[in-house]
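2 protein chains.
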Amino acid sequence: MDRTAPAATPSSPERPAPVLDLDLDQDAAQLTARLVDIPSESGTEKPLADAIETALRALPHLTVHRYGNNVVARTELGRAQRVVLAGHIDTVPIADNVPSRLDEDGVLWGCGTCDMKSGVAVQLRIARTVTEPNRDLTFVFYDNEEVAAERNGLKHLAAAHPSWLEADFAVLLEPSDQQVEGGCQGTLRVLLRTRGERAHSARSWLGSNAIHAAAPILARLAGYRPRYPVIDGLEYREGLNAVRIEGGVAGNVIPDLCTVTVNFRYAPDRTEDEALAHVREVFADCGIDEFVIDDHSGAAMPGLSHPAARAFIEAVGGTPQPKYGWTDVSRFSALGVPAVNYGPGNPHLAHKRDERVDTGKILAAEDRLRVWLTS
Amino acid sequence: MDRTAPAATPSSPERPAPVLDLDLDQDAAQLTARLVDIPSESGTEKPLADAIETALRALPHLTVHRYGNNVVARTELGRAQRVVLAGHIDTVPIADNVPSRLDEDGVLWGCGTCDMKSGVAVQLRIARTVTEPNRDLTFVFYDNEEVAAERNGLKHLAAAHPSWLEADFAVLLEPSDQQVEGGCQGTLRVLLRTRGERAHSARSWLGSNAIHAAAPILARLAGYRPRYPVIDGLEYREGLNAVRIEGGVAGNVIPDLCTVTVNFRYAPDRTEDEALAHVREVFADCGIDEFVIDDHSGAAMPGLSHPAARAFIEAVGGTPQPKYGWTDVSRFSALGVPAVNYGPGNPHLAHKRDERVDTGKILAAEDRLRVWLTS
Numbered sequence: 001m002d003r004t005a006p007a008a009t010p011s012s013p014e015r016p017a018p019v020l021d022l023d024l025d026q027d028a029a030q031l032t033a034r035l036v037d038i039p040s041e042s043g044t045e046k047p048l049a050d051a052i053e054t055a056l057r058a059l060p061h062l063t064v065h066r067y068g069n070n071v072v073a074r075t076e077l078g079r080a081q082r083v084v085l086a087g088h089i090d091t092v093p094i095a096d097n098v099p100s101r102l103d104e105d106g107v108l109w110g111c112g113t114c115d116m117k118s119g120v121a122v123q124l125r126i127a128r129t130v131t132e133p134n135r136d137l138t139f140v141f142y143d144n145e146e147v148a149a150e151r152n153g154l155k156h157l158a159a160a161h162p163s164w165l166e167a168d169f170a171v172l173l174e175p176s177d178q179q180v181e182g183g184c185q186g187t188l189r190v191l192l193r194t195r196g197e198r199a200h201s202a203r204s205w206l207g208s209n210a211i212h213a214a215a216p217i218l219a220r221l222a223g224y225r226p227r228y229p230v231i232d233g234l235e236y237r238e239g240l241n242a243v244r245i246e247g248g249v250a251g252n253v254i255p256d257l258c259t260v261t262v263n264f265r266y267a268p269d270r271t272e273d274e275a276l277a278h279v280r281e282v283f284a285d286c287g288i289d290e291f292v293i294d295d296h297s298g299a300a301m302p303g304l305s306h307p308a309a310r311a312f313i314e315a316v317g318g319t320p321q322p323k324y325g326w327t328d329v330s331r332f333s334a335l336g337v338p339a340v341n342y343g344p345g346n347p348h349l350a351h352k353r354d355e356r357v358d359t360g361k362i363l364a365a366e367d368r369l370r371v372w373l374t375s
Numbered sequence: 001m002d003r004t005a006p007a008a009t010p011s012s013p014e015r016p017a018p019v020l021d022l023d024l025d026q027d028a029a030q031l032t033a034r035l036v037d038i039p040s041e042s043g044t045e046k047p048l049a050d051a052i053e054t055a056l057r058a059l060p061h062l063t064v065h066r067y068g069n070n071v072v073a074r075t076e077l078g079r080a081q082r083v084v085l086a087g088h089i090d091t092v093p094i095a096d097n098v099p100s101r102l103d104e105d106g107v108l109w110g111c112g113t114c115d116m117k118s119g120v121a122v123q124l125r126i127a128r129t130v131t132e133p134n135r136d137l138t139f140v141f142y143d144n145e146e147v148a149a150e151r152n153g154l155k156h157l158a159a160a161h162p163s164w165l166e167a168d169f170a171v172l173l174e175p176s177d178q179q180v181e182g183g184c185q186g187t188l189r190v191l192l193r194t195r196g197e198r199a200h201s202a203r204s205w206l207g208s209n210a211i212h213a214a215a216p217i218l219a220r221l222a223g224y225r226p227r228y229p230v231i232d233g234l235e236y237r238e239g240l241n242a243v244r245i246e247g248g249v250a251g252n253v254i255p256d257l258c259t260v261t262v263n264f265r266y267a268p269d270r271t272e273d274e275a276l277a278h279v280r281e282v283f284a285d286c287g288i289d290e291f292v293i294d295d296h297s298g299a300a301m302p303g304l305s306h307p308a309a310r311a312f313i314e315a316v317g318g319t320p321q322p323k324y325g326w327t328d329v330s331r332f333s334a335l336g337v338p339a340v341n342y343g344p345g346n347p348h349l350a351h352k353r354d355e356r357v358d359t360g361k362i363l364a365a366e367d368r369l370r371v372w373l374t375s
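From first to last, the protein sequence lines stand for chains A and B. Read left to right, the first sequence gives residues 1 to 375 (the UniProt record's numbering). Read left to right, the second sequence gives residues 1 to 375 (the UniProt record's numbering).
One or more hints might be untrue.
[What the hints assert, rightly or not] Ranges between beta-carbon positions, derived for each pair:
hint, chain 1, residue 1, chain 2, residue 2, range
1, A, 278, B, 96, 55 to 63 Å
2, B, 95, A, 278, 51 to 59 Å
3, B, 162, A, 294, 53 to 61 Å
4, B, 227, A, 250, 18 to 26 Å
5, B, 227, A, 294, 36 to 44 Å
[To be verified] Okay, the calculated bits of chain B under chain A, using three or more residues with CB under 8 Å as the criterion:
hint, segment
6, 147 to 155
7, 179 to 191
These are calculated hints, taken from the structure and not from any lab test. Since this is a predicted model, take the numbers as computed values, not measurements. Even glycine gets a Cβ: it sits at the ideal position worked out from N, Cα and C.
Construct the complete structure from the given sequences, taking the supplied hints into account.
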């Protein structure tokens with residue numbers, strides 16, 4: 001066990017708080033309510049991580065590791081394939097919506113019900129009940145997903161203990177309304193700067209206008225035709241867009257600097273280097289004085305052609321969808337593990353004060369994963 | 001006498017401060033030093049206006065008017081023509097450069113030496129010494145030129161007492177290095193707005209990019225060919241320039257608004273309406289959603305073909321230059337009075353801590369104006 005924590009919450013110096021009880025024999029809906037009632041806003045996950053670790057250590061078929069407030073539990077059955085079920089245990093700030101409340105329609109309300117303690121409950125129920133899976137299982141519970149990327153527990157795990165995450169396929173139980181969302185697109189943000197020379201606007205011929213110099217950049221953007229490539233049967237949609245433009249000194253001064261911030265969202269058949277080369281090529285002859293990479297996160301292949309993925313899709317049903325936004329599946333992809341999102345919550349309810357989840361869907365998600373892992 | 005002041009400085013409630021002595025029998029260089037030593041930052045001109053008014057009232061050939069801290073003195077000789085000599089009596093903030101200091105090279109240093117108490121000294125010396133001018137004279141001393149246009153004393157005079165300013169020709173004794181600067185260009189500032197629809201940049205096809213929609217505006221600006229028309233023998237230079245561009249919501253959002261601020265500097269052969277119509281026409285088919293007039297000040301014809309102007313140029317010599325920037329000569333033009341700038345200071349030294357004036361040039365400027373007004 002590794003307890004060198006990157007972001008553990010300090011406990012009382014007098015005596016450690018008692019570990020909270022987590023009964024994995026409840027059904028996934030009851031377990032979700034229990035998880036919601038243990039608050040775990042980003043940065044305060046320790047009590048919940050302790051409870052999860054303790055509950056998992058009680059299961060003899062699992063080997064448990066801990067790193068900071070991240071918990072990893074694995075079967076070691078020597079199966080031909082290994083799959084990951086992963087979820088973050090933190091939530092956005094509570095908004096007067098804890099403890100949880102179950103209404104007469106079987107809907108559970110509260111912070112994290114949807115994003116994503118219902119998914120974590122499904123992970124824990126599978127861990128508890130599927131003791132003889134058809135594939136080796138790795139359960140990953142990580143912290144600080146809802147905050148800055150550098151605090152992300154999965155990132156720290158991948159850096160410190162990549163072997164814990166080795167697998168053939170991964171499922172993140174993020175809310176996806178029980179649709180399989182495959183892979184994810186990459187996102188590259190660059191600053192394109194044009195330079196000129198200041199002058200009084202009454203004597204503009206003495207200067208050179210940096211905003212006018214940006215005209216070819218905007219023309220190129222306006223005329224850009226994005227690709228919609230099909231990968232593993234999913235149609236991705238690229239896009240190249242200005243997300244910001246700024247230039248100007250004063251109302252009577254010829255501006256000497258204009259900056260266009262461009263965001264390229266690209267399909268997973270491009271590597272990071274290829275994406276960057278493409279953007280450089282698009283603007284190659286636009287008179288840009290400075291090209292600055294502001295942010296870059298690579299894409300993730302959906303990996304739906306892998307046998308484990310094909311079996312997964314068959315078991316859970318529905319039609320896989322491409323993921324346009326960037327998600328943590330990309331971290332698995334970077335480790336060589338194809339990954340998808342699949343979880344019970346409705347993603348449109350995440351981060352809302354009236355966040356909620358249909359408990360029937362939690363149970364259904366658990367059932368479908370069990371079918372995949374036992375049939 | 002009219003003392004309903006738009007911006008008079010309040011004096012002590014116990015007793016009014018004594019009026020400072022201003023000896024108009026000193027030469028123009030000595031008089032400049034005296035004027036500099038009576039501080040008159042914008043808004044604090046009252047002591048200097050009082051001194052000027054008192055000194056001028058002692059001259060029996062002049063009729064003196066006052067409005068706020070603006071003083072107007074006129075000869076009433078029934079001459080065929082009337083000319084104005086005008087100057088502002090305020091300065092920018094003092095920067096440890098008062099009182100004035102005369103160095104061994106005959107250079108006078110201090111706040112306002114150049115801009116434009118040397119010009120005011122020339123006005124006062126002409127008022128004192130040219131008692132039988134060949135043209136009727138109107139001397140205008142006004143306040144608050146160095147601050148916002150709505151406080152400008154000449155503007156207030158023109159609104160309240162336009163008859164005091166009636167004339168055939170006007171000379172502003174602003175620093176121009178003794179070059180005649182004719183007329184001035186107009187300046188029009190408009191905001192050109194394009195609109196789109198917000199969307200997450202990962203799903204850009206759901207929105208519409210307002211920055212991309214600005215591409216035709218920048219292309220039009222980059223391709224614009226300005227006119228350089230010759231008027232009264234002076235070559236003006238128009239210019240149409242973006243002075244600011246802004247758009248953008250966040251690094252991952254398709255922006256729904258982009259604003260390009262454009263400044264049109266135009267020659268005095270266009271009226272304000274014509275200038276506006278020209279800009280509307282230039283951008284007519286650029287897909288602009290909103291066209292907002294932000295600021296507009298008309299141009300001023302140089303009027304160098306007027307006999308009084310021709311005689312003036314002959315008397316002072318040099319080659320008249322066009323004035324590209326907007327100046328108070330435009331206020332005279334709006335009253336139907338052609339106007340030029342002509343003064344002893346070097347305009348590049350205005351507003352500087354090391355502001356100074358060559359005293360020899362003050363005397364030379366006075367001599368040339370006297371030749372014009374007496375020969």
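Each hint, compared with the structure:
1. Evaluation of the 55 to 63 Å hint for residue 278 of chain A and residue 96 of chain B yields a pass: the beta carbon distance comes to about 58 Å.
2. About 54 Å separates the C-beta atoms of residue 95 of chain B and residue 278 of chain A, a value consistent with the hinted range of 51 to 59 Å.
3. For residue 162 of chain B and residue 294 of chain A, the hinted distance range of 53 to 61 Å is satisfied, since their beta carbons lie about 57 Å from each other.
4. Checking the proposed 18 to 26 Å range against residue 227 of chain B and residue 250 of chain A shows it holds: the Cβ atoms sit about 25 Å from each other.
5. Checked against the given bound of 36 to 44 Å, the beta carbons of residue 227 of chain B and residue 294 of chain A, roughly 41 Å apart, stay inside it.
6. With 0 residues having a beta carbon nearer than 8 Å to a beta carbon of chain A, the segment 147 to 155 of chain B misses the requirement of three or more and the stated coverage is violated.
7. Look at the segment 179 to 191 of chain B against chain A: 3 of its residues bring a Cβ nearer than 8 Å to a Cβ of that chain, three or more, so the hint holds.
When the structure is compared with the earlier hints, a violation turns up for hint 6 alone.
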